[in-house]
Each structure stands twice: as structure tokens, then as C-alpha cells.
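Since chain A is already given, all that's left is putting chain B on it; use the hints.
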Amino acid sequence: MRANATVVAQGIAKFEGDEQIKKCLSALFNFELANTNVHNPQYKGKYQEIIEANAKDWNPDSKGAKE
Amino acid sequence: MRISRITLENFRQHKKIEIELNQSEKSFTVIKGRNGAGKTNLLKAITWAFTNKLAKDEIKTDPVTFVSFSALKEAGKGDIIEVLVRLDLDLGNSRLAQLERKARFVKTGPDSKDVQFSSSELTVLTSEDKGKGYQKDPNPELWLEKIFPDRFSHYFLFDGEHLHRFFKETEAAFVKKAVLEIANIDQLEKLVEHLTTVNQDLIKEAGAVAGVKGEALRKDYEFIENKIAEIDSDLNSKIKARVDLDENLDEAQQKMGDIASIQKDIALRKQLDSQAESANKRGSDAQNELHAWALRIGPVLMLSSELEKLEAEIKKAKQNNILPPPYKPEALEELLRLEECICGRDLKSSSEACTHVEALLKKFNELSDIGLTLSDLQQPLSFIKARIDSSFETLKSTQERIKASAQEEQKAMDELQTVKQKLLGNDDAHVAFIAIKYEDTKHALGRVLMQIGNLERQLEDQRGKLGEVKKLIENEAALKEKSQAVLRRQKFAQKTLEVAKELYVSFSDQVRNKVASNLNDEFQAMIWKKMTYKPVQIDEDYKVLVYNNDGVEMRSHLSAGETACLAFAFSLTLSDVAGFSYPMVIDSPLGRLDAEVKEFVSDVLANALNSEGERDGNQILMLMTDAEYNPDVAAALAHMKPKVLEIIFDEVSGETRLELVK
Numbered sequence: 001m002r003a004n005a006t007v008v009a010q011g012i013a014k015f016e017g018d019e020q021i022k023k024c025l026s027a028l029f030n031f032e033l034a035n036t037n038v039h040n041p042q043y044k045g046k047y048q049e050i051i052e053a054n055a056k057d058w059n060p061d062s063k064g065a066k067e
Numbered sequence: 001m002r003i004s005r006i007t008l009e010n011f012r013q014h015k016k017i018e019i020e021l022n023q024s025e026k027s028f029t030v031i032k033g034r035n036g037a038g039k040t041n042l043l044k045a046i047t048w049a050f051t052n053k054l055a056k057d058e059i060k061t062d063p064v065t066f067v068s069f070s071a072l073k074e075a076g077k078g079d080i081i082e083v084l085v086r087l088d089l090d091l092g093n094s095r096l097a098q099l100e101r102k103a104r105f106v107k108t109g110p111d112s113k114d115v116q117f118s119s120s121e122l123t124v125l126t127s128e129d130k131g132k133g134y135q136k137d138p139n140p141e142l143w144l145e146k147i148f149p150d151r152f153s154h155y156f157l158f159d160g161e162h163l164h165r166f167f168k169e170t171e172a173a174f175v176k177k178a179v180l181e182i183a184n185i186d187q188l189e190k191l192v193e194h195l196t197t198v199n200q201d202l203i204k205e206a207g208a209v210a211g212v213k214g215e216a217l218r219k220d221y222e223f224i225e226n227k228i229a230e231i232d233s234d235l236n237s238k239i240k241a242r243v244d245l246d247e248n249l250d251e252a253q254q255k256m257g258d259i260a261s262i263q264k265d266i267a268l269r270k271q272l273d274s275q276a277e278s279a280n281k282r283g284s285d286a287q288n289e290l291h292a293w294a295l296r297i298g299p300v301l302m303l304s305s306e307l308e309k310l311e312a313e314i315k316k317a318k319q320n321n322i323l324p325p326p327y328k329p330e331a332l333e334e335l336l337r338l339e340e341c342i343c344g345r346d347l348k349s350s351s352e353a354c355t356h357v358e359a360l361l362k363k364f365n366e367l368s369d370i371g372l373t374l375s376d377l378q379q380p381l382s383f384i385k386a387r388i389d390s391s392f393e394t395l396k397s398t399q400e401r402i403k404a405s406a407q408e409e410q411k412a413m414d415e416l417q418t419v420k421q422k423l424l425g426n427d428d429a430h431v432a433f434i435a436i437k438y439e440d441t442k443h444a445l446g447r448v449l450m451q452i453g454n455l456e457r458q459l460e461d462q463r464g465k466l467g468e469v470k471k472l473i474e475n476e477a478a479l480k481e482k483s484q485a486v487l488r489r490q491k492f493a494q495k496t497l498e499v500a501k502e503l504y505v506s507f508s509d510q511v512r513n514k515v516a517s518n519l520n521d522e523f524q525a526m527i528w529k530k531m532t533y534k535p536v537q538i539d540e541d542y543k544v545l546v547y548n549n550d551g552v553e554m555r556s557h558l559s560a561g562e563t564a565c566l567a568f569a570f571s572l573t574l575s576d577v578a579g580f581s582y583p584m585v586i587d588s589p590l591g592r593l594d595a596e597v598k599e600f601v602s603d604v605l606a607n608a609l610n611s612e613g614e615r616d617g618n619q620i621l622m623l624m625t626d627a628e629y630n631p632d633v634a635a636a637l638a639h640m641k642p643k644v645l646e647i648i649f650d651e652v653s654g655e656t657r658l659e660l661v662k
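Protein chains in written order, with the numbering used here: chain A, 1 to 67; chain B, 1 to 662.
Bound-form chain A, shown alone (with noise of 0.2 angstroms):
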């Protein structure tokens, strides 16, 4: 709700980059709302799985920019 309003949501959104690299940013910064008032959050385990399904699909020879 509050998230998509932020800067930095608005700018993940707006992100001209690579598709995949944008949604694992976006689910990245996502998790870290979730856990703002956690203290010390286990995210390792949430980042592997987040980097693992996004680096699925990944072409890593794609330059990313929207045409």
C-alpha cells in the first residue's frame, strides 16, 4: 500500500532495466519492508530462494533497456 508510494518503490517500478533483475530487486525490497522492525532478520535463506527463482529465467547476455 504504503510501499508502492516510496521513492524507492516508484523507482524499482520505473526501472528500465533487466525484467528479472528488476523483480528480484522489487521482491528483495519487498522482504526488507516485511522486516523492518524485525531485529536481525534471517534473510539469507529468503534472498537465496528470491535470487534462485528469478535467476531461473535470467539471460544474462540481455541488455535489459525496454525498446
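Hints are not guaranteed to be accurate.
Claimed, not checked - Some but not every residue of chain B turned toward chain A, in silico, with C-beta under 7 angstroms: (1) PRO149; (2) ALA183; (3) ASN184; (4) ILE185; (5) LYS190; (6) HIS194; (7) VAL198; (8) ARG489; (9) LYS491; (10) LYS495; (11) VAL499; (12) PHE507.
Treat the hints as calculated values from the structure; they're not laboratory data. Predicted, not measured: the structure shown is a model, and the values here were computed from it. Note that beta-carbon positions come from the ideal geometry of N, C-alpha and C, so glycine has one too.
Only chain B this time, still in chain A's reference frame:
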């Protein structure tokens, strides 16, 4: 977001109170009251509802400072006292919400202090449309964190008494923290930090699973494969050779018919040949012996009758004693040497007697020789005779041997004839050739079978090794695959990290510039000495810089009123940057201000509602003492048409009530 209604139950002085805030577009409400009337507790109640936090965690450590006095007085031992704060919120775009936080306490004794915290609870009801009822949110804490992160609270819900400290605390680090938090850039910073760690983990993981033995194993595999191909080829040629040899063997067997029988006959023939030859030789030897015997015994046989006669005569002569007696010539020879006979006659040489004796001696010698010879001859004659008899026995035996050998030879020859008849058509040489060939073929086949066995064992051995290498390669390949997957993830994480860092720098600059720009706008709108200051800046270290027209940095020299303006401007700016408006609740906003600036500050604060920020709604709730809300201030605020309420604490009932101030 605006607060449209505040409901308190059993919260400190407020036994039960409902506060309807100004509902107009520029929601400006002033709640005034005497010291101790409950204004500050109203701010605490709002803060608690939004953040579940109170100073020093008063709820649990000192419930008495949290629970309504009158409720404590009324409750008996064991009674439950429920403290409630409910905020009715207008989220804009017809969206409504009701935030309700409750804390329960148990009265443990007769005294007001005998109370213990029991439990607390947050409930959020939301309505997407004003006309369509409320629904309970399943995760109220998360909802609240999204709508109003509690770390934002102190930028919007604050005690004006602390305003003078606002920018002391808001030195660069504070400003930076506030700006980054409000724009969620701190989350991006955390993201970068976490992603850096995870990326490093991925690099390590990729290193740990990298299949470094792969190339060596591949070479081993190829080597074994080639070896197997070599053995296979060898084996195939041996198998082919075996087939050929089998065929040759079959052919030889066909040609020879029952090769075993023929070979048996051939062996028999050889044996019979040998037997015949042996018999022949024995016969021949016996013949030779016979001839030798005949030659040896012939003269004897011819003399045998004469010898027999001689023997008879000797025997007869002996019987007739006509053989001369034995004599001793030595005696006569002694007499002759002595030249005198025993009778005394002269036996001198050439004497008659001597001549006579000498003649006699000669005669005796002669006679004696014959006698002796004849006598001696008797034994040899017997021997010879025995030998002749024996020779005849030998002759007989030899003749029998010759006969037996001849018979045996004949028998062998007969049998040989039969065998030869059987072997007729199988030329010996041919049969021998085939037999040799057959034997050779059999031996060759044996060798080939042995070689095949060896090759098959080698093949099995190599295939076993190949299987082992294959397993290793598969393991290695799995590692490689895993490594590739990890590398891929790592590359992806690296790329994502680079982008995140770029965005972090970009967003930080963007937000910092935006805050500086908005802060300047808000500040310039508030202050009356508009021509005195240059645009407010925030440098790269987030230090707020206010220069006068002479280029002198003035921030630390701003008046209390100007500092308050800067603080309010900063709060409004943060709201702008957050992209979402928050109600600004300020307790004693003018408390520490000099009398001459109170009017001005209250005016600029009220005017803040008119600022052209990016907020989707503005709301200010000021909690003022009577001294703050003096007639001058009231007059200064009048143009903003505030809703002014007064909290009155009834000492008798120990409760508060509200009155609208006209």
C-alpha cells in the same frame, strides 16, 4: 491519512471520551486545556495506538500511569480493566479504517496500585468504500506497518516542548536517518548490505562446488573407452577366428568321419606295426643266435663221437691200469746231477747208464704227458658233453622262440592287414595331415578360447573401470551443473547488487535534493524574513545549511521561531517525500517560544496546511495550554478555521470531558 475520530476508554484521565476532529479539507484542530487536563496523554494514546509504544514501556512497568484513575477506583479485586484507544482513519479515496488497540489489566487488590498487565490486542477494520461496511484485517500489525511505519511516528507525533531540540538532534546523522527512513532508502541500503553478503556466500558456494577434476576424469574416461574399443575389436577378431576355427574343425571332422575311430585305428596300426616289427626282430635275433650257436657248437658236435670214444678208452685204460704210473723226474734229475745212481753206478755224462737214464727220463716224460693229458681230458669231455646237451636245449628253445616270433609277427601282420583294410581310402599321409591339422586347429581353438576368456575378463575389468569413471564424471557433472547454477545465481546476484547500488546512489541523491527543495519551499513559506535567506540546502552529508544573503551559514543562529519553522517544514517535507500524508500531532507547539513569535509560528503552522506539497491530505492537531492558545494566537489562527475543543478534567469524577470552543 487523517484521523477523523479518537476514542479513549480508561486511558489515564480519560474514562470515556470521543473526539471528533475537524473534517474539513484542511483539517486543523486545536485541543486546549489546562496543564494536567490530559492533552499529553492524548498524544500518548495516539502514539500508543499507532506504535504500541510508550515511554519506558509504561503499560507493563507502571500500569497505574496508564490506566484510568476512576476505573481503578471502581474496580474490585479480580476485575478486568480494559484500556482502549480507537482511531477512525480516513485513508483518502473513500477508504476508511478503524484502528483499535486494547490492553487488559487485572485488579489484584483494593489499592489503586494493585493492578497487573494481562494482555493487549490490536484490531484493524477496513472499508474500501465508505458505503460498504468494515472488514477485519487478518494481519493488523502488518497493515499498520504498511500504512504508518512506527519509526515514522516521531517525525509526525511529537512533543512541541522538544522542538528546540529538533534540529539539535537533527544534525546531519539525524536528518540523513529521517530522510532515508521516510523514503525507504534505508531499506534499500539494507538490501544492498544483505545482497552483498549473500553474493559473497554464492561466490564461496560456487568455489566449493566447482568441478575441477572434470577434465582429468574426461581424459580417463576417453582412455578407458579407447581401451575398451581396442579390446572389443580384438575380441571380435578372436571371436571371428574362433568361428573360423570351429568351421575348420567341423570340416576336418566331416572329412575324417569319425576321427576318433580313425585315429584309434591309426594308433592300432602303429601298435601292430610295432608288434610285428618287434616279433620279426625277436625271430631274427633268435635266428642269429641259432646261427651263432651252430657255428660255435658245430665242431664240438663233430668231435663229440670221437671224444666219447676217447673217453671210453681212457676209462678203459684206467680200469686196466695200463696208464703209466706217476713218477718223480726230480729224483732222476738229482741222480744225473750227482752222476751216480743209487745203486752206485756211474752216471757220468756220456756214460751208457747216463744215456739210458736220460732216455728213460725222456720216455717217462712223454708217457707221463699222455697220461696226464688223458686224465685231464676226462673232465673237459664231461663238460663239453654237458654243454652239448645244454646246447641242444638252447637250440630247442631258440627254435621255439623263432616259431613264436614268427607266429606273433604273422598275427600282427594279419591284424595289420585288417586295420589297413579299414583305413583303406584314408591315405596315411592325408589322414595324418588332417589329424595334425585337426590337432593344430584344436590347439589353436584352445588358444583362441583362452584369449577370448582373457579379453572378456579385460573387457569386464575395463567396463568396471569405465563405470567407476562414469560415476565420478556424473558426480563431477552434477557438481559442475550445481556450480554452474550457483555461478548463474551469483552472476545474477552480482548484477542485481550493482543495480541496487546504482539505484541507492541515484535515489539517495534524488531524495536528498527533493527534501532540500521541499524544505526550502516549506521554510520560505513559513518565515516572514523571506528576503533574508538563500535557499535552504542539504549537503551530501545531509547537513541542513541555511545561508543568509551575505553567504554566512545561519542555521545555528536561527531564532527559536525560525528553528520551529524549520522543524515543522522538515516534518512536512518528510511527509512529502513519504508520498503519503500523516497527521501531525503536536503537543505544546508553542510552549518554548517567546511570546512575540507564538503568533507568527502558529500562523505559519496553520499555513502549512495550505502548502503545495505532494501530500494527499493535511491534518494538524495542536494540543495547547491555555497560555499557548491565547487570544492573539487564536486570532492568528482564525483564518484557518480550526475546530477548537477544550478538555476539562472533573476533579470530582476523575474524568475528562470535551467542550467545543466557539
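**Message:** Which constraints among the numbered hints does this structure fail? Numbers only, ascending.
**Reply:** none
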